[in-house]
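Two chains, two frames, a set of hints: combine them into the complex.
Line order of the protein sequences matches chains A and B. Residues 1 to 393 in the working numbering are what the first sequence spells out, letter by letter. Residues 1 to 477 in the working numbering are what the second sequence spells out, letter by letter.
Treat the hints with care, as some may be off.
Said to hold, decoys possible - Computed footprint of chain A on chain B, listed as stretches where at least three residues anywhere in the stretch have a Cβ under 8 Å from a Cβ of chain A:
1. 149–159
2. 401–411
Unchecked claim - Now the in silico label distances, taken between C-beta atoms and shown as ranges:
3. Arg299(B) with Ser67(A): 56 to 66 Å
4. Arg294(B) with Pro12(A): 53 to 63 Å
5. Asp94(B) with Glu323(A): 42 to 52 Å
6. Leu96(B) with Ile288(A): 33 to 43 Å
7. Asp442(B) with Ser67(A): 23 to 33 Å
8. Leu96(B) with Thr364(A): 49 to 59 Å
Hints in this document: simulated from the structure, not taken from any laboratory. The structure displayed is predicted, hence computed values, not measured ones. Note that CB positions come from ideal geometry on N, CA and C, so glycine has one too.
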Amino acid sequence: MNIEARLGEIFPSEELQHFRARFGLPDLPLVAPRCEERVADLLKAAAQDGWKLVVLGGGSTFSRSPSPARADAVLSLAGLSGVTAYEPRDGTLTALAGTTMAQLEETVHAGGHHLSPEVARPEVATLGGVVASASSGFERLRFGAVRENVLGMRVALCNGSVVKSGGRLVKNVTGYDLHRLFCGSNGTLGVICEVSMRLYPLPEATRLLTSVYPRREAALAKARESFELPISPLAIAVSDLADGGGHLLEIFLAGRSEVLAWATEWLNERVGDLNTAPAESTRERRHILRDDVRAPLRFHCRPSRLEETVATIERCAEAQGQEARFLLNPALAEGTARFSNPANLEQLAVALGGTRPAATLLWTGTFPAPTPGPGRWMEKLRTALDPTGVFAS
Amino acid sequence: MHRLAQELRSILGPRGLIDDPTKLLPYESDGLAMVAVPAELVCLPRDTQEAAACLALLHREGVPVVARGAGTGLAGGATPVANGVVVSTARMRDILEVNPLDRFARVQAGVVNVDLTRAASRHGLRYAPDPSSQMACTIGGNVANNSGGPHCFKHGATTRHIQGLVIVAHDGEILDLSEPHLDPVGYDLVGLFVGSEGTFGLATEVTVKLVPTPALDEVLLAVFSTLDDACDCVSEIIASRLEPSALEILDKLTIEAVEASVFAAGYPVGAEAVLLMEVEGAGPEVEGTSRAIRKIVDRHSPLDVRSARNAEERRKLWAGRKGAFGAMGRIAPDLYVADAVVPRSRLRELIRTTIAICHERNLRLANVFHAGDGNLHPNICYDRRNEEEVARVLEAGHLILKACVEAGGALTGEHGVGLEKLEQMDLLFAPHDLDAMCRVRDVWDPERRMNPGKLVPLRACMELRTTRLEHKPEGIA
Ligand SMILES: Cc1cc2nc3c(=O)[nH]c(=O)nc-3n(C[C@H](O)[C@H](O)[C@H](O)COP(=O)(O)OP(=O)(O)OC[C@H]3O[C@@H](n4cnc5c(N)ncnc54)[C@H](O)[C@@H]3O)c2cc1C
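The following block holds chain B by itself, in its conformation from the complex (with noise of 0.2 Å):
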């Protein structure tokens, strides 16, 4: 056994190290399943003091790091670098307060968003970010993505809920930023944290916000012939300035998908789309904006539309929802989903030129997204055995990305840029962007060893050290 996998197991113990290659398979890509690096060494800390320990470590052996959560990003964000180890929170599980007086919970950065739901709704609270992946992901990886949900239409993207952090920094340095201040005292080094990807340090706690449950809410679904006609909708919804708390689109290949799964919700099979609407708050405000809906529903020629009428059935309309990309395996081996803002009055336009760009590509394509956010996931099914057909899914990623930016949107709304959207990081920004971004990184990470090679294009890391990266630290087989 080489030196450096003896001297982790001795921070770790025999339980915090993974090097048997078979168990090692699991982590050598994360949902972005085309790309795949084998990892080498997996350390899995039960706690801060472990984290950091492990970190000097590998700081004074310059060897990069990869964190990861439950690998259930969409954007390559964890997977491996070559001649680096993941760190993962897979054993860092504790709820370690929740505290209802001041409405917050702190959290071990590997527990599972859905834990952190349970636990906080025996209070009457609730940990709003619910992305899809919710029954899987870790609070810790939503930080790193600063990642959204159907319910960030009301409730803000994953920022807006973080208000405390425990980051073990490149060196093994502890930052203790746990304390919930209503205000950053000083620069908000939380809020820049959220969202860097890997890339700043490794959170190993988080304390969340927690907000009411609401007095009421009322699921809405409406039915519609085409694709168009529910685009539109939202975006008069928008325009309209109402607030509901939730609008997701889901299309006819979505519909079939899921109607044909274990997440059957009722949507009608043979509707080219729908729109599951969600409206939030108490009596006369949801009664109100559920009656203003259904009118700018009615102008754009549903089919149906219809109130969920208890519990069970509002939790089998949003199962259906939250089920969609597992219901998709059904119909391809994979899936590559892509994920693009545009703004909220150009929906119709986007989800066409989508639709064209995977058609002229001879791809099936599925649309199920957070159209209140104008945050589109055009799903392209493919089969990753082929490289041919890969090729064409990437090509059609670019175009989609691109004629998104063209339209005054962005390349990610929640997924990340990770290792997927680098190439397309400077349709977006300008060299001098992307080089006020390394300044920042440098500032966390001098040596650029957490997460190397993803978020930030290496060429507009003007002076970057490549030849770190490539020496191989002694005792990496």
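Chain A on its own, in the form it takes in the complex (with noise of 0.2 Å):
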């Protein structure tokens, strides 16, 4: 029996849809289940019928991984949504994985909470899909990257059981910490159902103070100095700007106004002369740091590497006619290049990786190949969780 027919024998008509051409993928069946069992269903028949599955959450951050090289259904967690508890006297968040990022935002807002990762796309995106891909967010400067902030999830296994991990506790021991395991392994050891996140108080006021520097080097000299800030801010941005036009370094601050007033006399007295952006530009600028995800290239290195990286990727794409353009995350070393000639990059991917940079870099794609003791182990956890391969990678 086809797969189609077989799928339709199981799932009621209003799971099944066509999944079009796209990222890599041909056309395929599509399944959107709207509970934990109909997944597990789904998986149940997989491992039975020897189909491939490619778990997909809002599909807004897959286009950065590889294409697998089979898959025979798509199970979408779109129809998995909904928030399950939100605690506001106890600062945590349970939702199904399939729940956009925007509808969790406006739920904890209502409380005074603020949701770590603000990612890209966040009508589009998907909790599962975030944590899935450990997308970390604008803020991560402030909130940690997304892995700090699951405190536990549900996750369907292979053979259809579906587990659970941690719990909705700020602080639990008990048991490994499998979440972690999971999250940031893009769908290739599980299906993730559920997640409960810590959730921070919402920021009373944002404020986002810039200047811009001739040479990139004093800008990220002036960025350091603000390092020292007593209090964290949200972002610590150097980018590029355009045909020449300098180096912009911006600091967005978050918390009470009198908190505000106070770090930026004390930013302007250590670094300089700093501008206060008008809260218009200050939103249209966070938008457009935080939907900084179609870059092709994203590395991160030790903070003190940061420049020798930035010069060795300007210098190889110079020698191929590639104009680079950072935008770069000096608190965390970690940055975006974009290139003046993107549909030729893959020469430039293996001139960078000749230079064995003492960074890591990610082009979108592809997955760095972990080197190869800890990739054995790696190799061995997803046969140990897949042992049949299920799960498309």
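Here is the structure:
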């Protein structure tokens, strides 16, 4: 029996759709279960019939991953949506994996909470997808990486059993932190069905301070001085402006208004004269930085090696007649690069790899190869959790 | 002298092995004093290479291995297992690198928590997790238990501060994950290892994140005439989304013990409870938060609220809290330090339940706990020589955990499952949850020789090969 017919037997028609070819995948049948049990049903059928499944949240970050070699059906979590429990008095949120970040933000804002990460396209991105891809947010400097805010989850394994790890409490060491393993596993170990997150107080106000410097080194040096500010900004960014327009330093502050006033004064004294951006452009810039996910190259390194890494990328690009433009997050020593000729990046990737940079380079559509030792352990984990290869990778 | 000891000694040198029964005595239990199993051999490797050679030999011989740091764990995690060998990190005490520019440090697993903090403080930095046992416990033990501490309320437990590890696997393979990456490349092996309580392998080196010491910290002490008021006050601070860096409650019995000890902090004897709070950050941030907190405290009928006037007073107030367990030695021969977590909106209710359970069993109870995280520590006084009393203590412990789980809580907030809470794991997890844990454990240690019988109940590991554990390897007396 072909796969579509078999799916038709198991699932009601409202849970069956069609996936139109994109992300390097062909046209495929798509199943969007509305409850955990149905996710389990699909996994059991896949294990039995030897199908390979691609797991999709909102599909907002999938485009960064490489296309799997073979896929028979798409499992979309979009139908598994809703808030299980928002506990404003405890500062925690539990929601089904397919709930969009926008919906969750709206829910917790009403109770004065902030949900981190603040990711690109929150109206499309789902909680499960964000956690599975370990996408950290624009405000990571203040609130940490997504894996640090996940308190627990429910995950459907390849045999259809739905297991729990962690819980809904802000502190808990009962059992292994399996949720740390699933966080960032990109749908290759199990299907994340429900996630519990730690929440933060919603800052009262936000302020953006900016300055433009003719040289990138100067902008980075000023950024470093701002690291000494005793309160943590939401983000510090240094970006190359178009057409040789210089290098823009942006510091996003958040908190009570008297704290913002104090921090602004501190920064003006220590870092030099900064402009306070109007509210409208603060919002706009925040969205621009938040949405910077389409850059073909993302990298991170030790903070002390940021300049060296940027110089290496720039040099390699130049040698190939490419011009590189950077958006750097110097406090976390990560950044993205865009290139003048985006159609032709393979050669650049090879050349850069050849320089053995002291940085992790993540090109769109490829996973960095883990070094052989850890790689072998990762492979063992994958085989243990998905012995028959139900999850396409 | 038996063969295994000889071979181990040839790897570890004469100071690297203990087999003299009198010297083995301190290793027979950890902080869970009611359980003792004689240790047969204790290995003391100097570094990763020695540890790897040692584990490779124990692998070939099929000998179970129990990793041990300082033995301050309270859940029996470092209790020896029959026919096994203890591998202690007591001689792995080197701070390998403090990198102030990139804000991390690399240390050997046996480095004591407070020594790392001291080394970092020379650069205006600190290692944030500060278990109350920090004068003795090791970073390796902290990693294995994912330990907490008063300041983890703001800064997060150990796992949030671990950037890399060197792990020696069950068969002696060395897995070097020591480079501090912003994000894991591939699966998060480091994050998975933290909290594995010695069942995945031996951590020999740890890369930790360092954070700047705060520009300003204010320590507040609020005194209450009931424990209920103290609990409600904390619940309201949390519900108001305020962010102090620590929120700790001490009850009357604890206050009395502390004030009668060398840790005397000036807590008012006679008060039913004190709430110790710290706010850190910069000028107006600290002022604003303290002001908001004081307003809340005022709504809960405090007998007194005061702020430490200087660094010495701040130090004393904290020394009292951190010395509380030690001070309790004065009021009972033994102390059962229970550890459970509850939703922070239900502190008062669960503390009351805890008191009632102990009262009904005629047990003396002292409460000193990380209230801001909902992490309860009911400390039950007992005498380990009194079997009947031990049974009552264990029954009370079980009922407290059950009540916490029923209220949406968990079995342990920081001490781990170890031996102590194996029985209770199925209050929280279904068999298939535990089975998934076993599957992952088997990836790290397919023979289940690393800290066997800890953390995951044996019956959950469905296809367990028990024969291996019962087999007494040649060479062990
Ligand atoms: C007075 C007192 C106060 C305490 N306060 C706190 C507190 O505030 N917060 C808190 O979280 N805990 C607290 N504890 C508990 C205890 O100190 C912690 O769990 C601590 O992390 C244990 O460290 P250790 O070096 O003593 O480890 P051990 O007790 O020796 O071992 C603990 C566990 O870790 C494993 N292990 C040890 N080293 C390694 C290694 N290198 N690799 C792999 N596995 C290893 C052991 O097998 C065991 O399972 C307290 C204990 C006492 C006695």
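Against the structure, the hints come out as follows:
1. 149–159: Held - the segment 149–159 of chain B has 4 residues with a Cβ nearer than 8 Å to chain A, which meets the minimum of three.
2. 401–411: holds (count 4)
3. Arg299(B) with Ser67(A): 56 to 66 Å: 59 Å, holds
4. Arg294(B) with Pro12(A): 53 to 63 Å: 58 Å, holds
5. Asp94(B) with Glu323(A): 42 to 52 Å: This hint holds: roughly 47 Å between Cβ atoms.
6. Leu96(B) with Ile288(A): 33 to 43 Å: Given a distance of about 42 Å, which is inside 33 to 43 Å, the answer is holds.
7. Asp442(B) with Ser67(A): 23 to 33 Å: For Ser67(A) against Asp442(B), whose Cβ atoms are near 31 Å apart, the range 23 to 33 Å holds.
8. Leu96(B) with Thr364(A): 49 to 59 Å: Given range 49 to 59 Å: violated, Cβ gap about 37 Å.
Hint violations for this structure: number 8 only, all remaining hints satisfied.
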